[in-house]
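Engineer: Here is what each chain is made of, one letter per residue.
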Amino acid sequence: MSEAVLVVALALVVVMATAVVLTRDPARQAIVLSAYGVTLGVLFLVLQAPDVALSQIAVGTVVVPLVVILAIHAIRKQHGERR
Amino acid sequence: MSRRTRFAVFAVGAAGLVILFVLAAFRLPDFGGRFHPYGERAVTSAIAEKTKNVVSSVNFDQRAFDTVGEELILFASALGAVILLRMVRREREEEAGEHGYGPADVFDALRLTGYLLLPVTLLVGVYIVAHGHLSPGGGFQGGVVLGTALHLLYLTGDYPALARLRPVPVFESAEALGAGAFVVLGLAGAGLLIPMNSVVGLEVGCAFVLVLAKFFEQALLVRTDDAGTEDS
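For the protein sequence lines, the chains are A and B, in the order given. If you're matching positions, the first sequence starts at 30 in the working numbering and goes up one per residue. If you're matching positions, the second sequence starts at 2 in the working numbering and goes up one per residue.
Since the hints were made in silico from the structure, they are not lab data. From a predicted model like this one, the values you see are computed outputs, not experimental measurements. Every clue listed holds true.
Quick list of the computed label-pair ranges, beta carbon to beta carbon:
(1) B:D31 to A:H102: 45 to 55 angstroms
(2) B:V121 to A:V34: 21 to 31 angstroms
(3) B:P38 to A:V36: 19 to 29 angstroms
(4) A:H108 to B:P120: 33 to 43 angstroms
(5) B:P120 to A:P79: 23 to 33 angstroms
(6) B:D106 to A:A48: 26 to 36 angstroms
(7) B:A26 to A:V34: 23 to 33 angstroms
Chain A residues, not near chain B, derived (Cβ > 12 angstroms throughout):
(8) V37
(9) V44
(10) A48
(11) T52
(12) V67
For each residue, glycine too, the CB sits at the ideal point set by N, CA and C.
Only chain A is shown next, with the shape it has when bound in the complex:
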């Protein structure tokens, strides 16, 4: 039973990781990255590491995509002004 849950969690991680790589637009990629972070959190939870899962969900699904989006926004704004 627990093996099946583990396989499902691993499969989810693989699917979402592939989705992150295949998304080409950086702004969309940040959102997919956030979803990928959730699946990683689920995997850590299944592997009985709730502390790591909490860190992963807080940092990987919120902070990193937010920083990426803000950076993209700042870059696009500068480019828009220079044209």
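Model the placement of chain B on the given structure of chain A, informed by the hints.
Structural biologist: Here is chain B on its own, set in the frame of chain A:
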């Protein structure tokens, strides 16, 4: 250092890392096996400290030096963001209300959700910090939740409100205080889980607020004055 020398230095380092990593991976215990040499020792000494949460005990009692290192990495990255993303000469800062999303640009439902979630999220953050010695979580996780919870105010469409609630100098001092207090507690010895979790929560929360504040400034407020003339 020329490009080739740099590449050679990198190649030597990378090759060494790969070899050591592969060798180490071959000697790992099997996945899901019953043989946990480190785990057994860690649990034994954690129980000797009369702790209720072995993971916290490993983080703060047995490997406090590692944890101090991690906190200082975060401290250094917050410092780096503050220094690198400061205002340079040809930039100026706009008033927060000058542009961007006013409260009117956001759906009422989103605004209401943000306002309702803010106190709940802050409470969850405090809970995760305060119960770190009993249940999963602790200073780092709770600190991240606390540091990001504030930014729900931005999601409600009000950057000026976020800026008012987040005086950067206060967070800078609090972060330095938290990092310093953690090093002192780390030197003081084992068995201080609750104060350690609290100061780590303070330090981490403030560090994330600072880093995000700098990115928000760059994304929303900073304008290059002589746009177009610079050919960088």
